[in-house]
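Per my numbering, residue 1 is the first one in the sequence shown, and the count goes up by one each step.
To be clear, the hints were calculated from the coordinates, so they are not data collected in a lab. A few of these clues could be false.
Between beta-carbon pairs, the in silico distance windows are [as the list claims (entries may be wrong)]: (1) Trp231 / Arg60: 32 to 38 Å; (2) Gly223 / Leu271: 28 to 34 Å; (3) Pro214 / Glu128: 21 to 27 Å; (4) Asp190 / Phe127: 43 to 49 Å; (5) Tyr208 / Arg137: 18 to 24 Å; (6) Tyr306 / Ser112: 46 to 52 Å; (7) Ser129 / Asp173: 42 to 48 Å; (8) Pro214 / Arg253: 43 to 49 Å; (9) Lys277 / Ala215: 41 to 47 Å; (10) Arg149 / Arg253: 37 to 43 Å; (11) Arg137 / Asp101: 39 to 45 Å; (12) Pro71 / Gly159: 31 to 37 Å.
Below, computed lysine to aspartate or glutamate pairings styled on EDC-like, alpha-carbon distance capped at 16 Å [stated by the list, open to error]: (13) Lys126 / Asp147; (14) Lys307 / Asp183; (15) Lys126 / Asp97; (16) Lys160 / Glu206; (17) Lys307 / Glu290.
Don't be surprised by glycine CBs; every beta carbon is placed ideally from N, CA and C.
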Amino acid sequence: MSTISLDVTVLIATRDRAELLARTLESLAGQRTEAQWELIVVDNGSTDSTAQILADFAPRLPLTSIYFPVPGKNRALNRGINIARGSLALFTDDDIDLLPDWIDSLFRASRSFSGDSVFCGPIVPKFESEPPDWMRRHWFAGVAFADFRPDQGEGPLVGKRLPCGGNLAIRLDLLRQYPYRDDIGPGGGDFAMGSEQELLVRMSAEGYRSIFVPAAGVAHHVGRRQLANRWQFGRARRFGRGEARLAEDGISRRIMGIPWYYWILVPLIWLRHQLAKFQGGFWVLQTGIEFHRLLGRALEHRLLTYKPELGCRKAPPEECGIRPVTDQFYTPIRGGNAFVQSALTRPYDAP
1 MSTISLDVTV
11 LIATRDRAEL
21 LARTLESLAG
31 QRTEAQWELI
41 VVDNGSTDST
51 AQILADFAPR
61 LPLTSIYFPV
71 PGKNRALNRG
81 INIARGSLAL
91 FTDDDIDLLP
101 DWIDSLFRAS
111 RSFSGDSVFC
121 GPIVPKFESE
131 PPDWMRRHWF
141 AGVAFADFRP
151 DQGEGPLVGK
161 RLPCGGNLAI
171 RLDLLRQYPY
181 RDDIGPGGGD
191 FAMGSEQELL
201 VRMSAEGYRS
211 IFVPAAGVAH
221 HVGRRQLANR
231 WQFGRARRFG
241 RGEARLAEDG
251 ISRRIMGIPW
261 YYWILVPLIW
271 LRHQLAKFQG
281 GFWVLQTGIE
291 FHRLLGRALE
301 HRLLTYKPEL
311 GCRKAPPEEC
321 GIRPVTDQFY
331 TPIRGGNAFV
341 QSALTRPYDA
351 P
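Working from the sequences, and respecting the hints, build out all of it.
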């Protein structure tokens, strides 16, 4: 495990989104800050031109690149955390454009609020094509588009809101006590959402509050396909799976592993969704989200009933897929000319 010797580490996990990643890296190359920082990008098994993009940006960024093909965004981030050297870890995604003062704003806030360990900034959707106004205002926009814009000044987040993973900073010493869970979050195919939320809920339960930093703004790229009902319904199903994975439901009576009353609710909401198709627009989206969210919860309850080890709702972290982070799975290659030369011949040393 690395020792802390820098102010900031920026961490990104990526997979097969080379074009979007290039935009994120461009915005990182334009950062204005006096903080001593590094960038760690964990390639979670990309098969596109991600390796070449990283090689192109290596001379312009304090970049460390890791190839880690075992599926799972959380696993990839835990590997990056293991070699991080910055006292403050900044998380963003490979489809985010960052304001030039993003690093500096979060770093300065970490100094101003020296007794706090979790920081975040606003996320504004940047649409490839304009959605209907009602879709922008829908409550699900926060889930579908990572729209996160609390109406408040700098300071502790008001209410029960939690930060989003695309614009999040956590002190490294705390992160190493609270690693990401391996059993939740993107990992190829369908998955239970809520990896950052699960982590933040654990921290919040221990008394760690989140500090909102309005100046640390980012823009989240939203493609055309993400406006389609089919994509949003899939998102709602994964959201429902995450709710079931993380929540204590206290339900004892089940049929085939599914809470008994779901057998009534699911058909009723499905019928409501079918009737809404005659109304179109908002009601199709609204009822579709309700149906697929509940369906996701039902499917996850069934899965957890027959594979309870996946849920680990009450078990300690070491029994919930959170394993000690080790170096045996990858070989890091640091930035500079050596990285470029190596990447052109063999992009990464795979495990």
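Hint check results:
Checked against the hint of 32 to 38 Å, the pair Trp231 and Arg60 passes, with Cβ atoms roughly 33 Å apart. Evaluation of the 28 to 34 Å hint for Gly223 and Leu271 yields a pass: the beta carbon distance comes to about 32 Å. In this structure the hint that Pro214 and Glu128 lie 21 to 27 Å apart at CB holds, the actual value being about 25 Å. Checked against the hint of 43 to 49 Å, the pair Asp190 and Phe127 fails, with Cβ atoms roughly 25 Å apart.
Between Tyr208 and Arg137 the Cβ separation comes to about 31 Å, which falls outside the hinted range of 18 to 24 Å. Checked against the hint of 46 to 52 Å, the pair Tyr306 and Ser112 passes, with Cβ atoms roughly 49 Å apart. A beta carbon spacing of about 43 Å between Ser129 and Asp173 agrees with the range 42 to 48 Å that was offered as a hint. At roughly 47 Å, the beta carbons of Pro214 and Arg253 sit within the given window of 43 to 49 Å.
Taken as a hint, the range 41 to 47 Å holds for the pair Lys277 and Ala215, whose Cβ atoms sit roughly 44 Å apart. Range check, Arg149 to Arg253: Cβ separation about 41 Å, and the 37 to 43 Å hint holds. Remark: the range hint 39 to 45 Å for Arg137 to Asp101 is contradicted by a beta-carbon distance near 29 Å. About 35 Å separates the C-beta atoms of Pro71 and Gly159, a value consistent with the hinted range of 31 to 37 Å.
Taken as a hint, the Lys126 and Asp147 pair is honoured in the structure, with Cα atoms around 10 Å apart against an allowance of 16 Å. For the suggested pair Lys307 and Asp183, the alpha carbons sit about 12 Å apart, so the restraint of at most 16 Å is met. With a C-alpha separation of about 9 Å, the suggested pair Lys126 and Asp97 falls inside the 16 Å cut-off, and the hint holds. Simply put, Lys160 and Glu206 have alpha-carbon atoms about 15 Å apart, close enough for the 16 Å limit, and the pair holds.
Of the supplied pair hints, the one linking Lys307 and Glu290 is violated, its CA atoms being roughly 25 Å apart against a limit of 16 Å.
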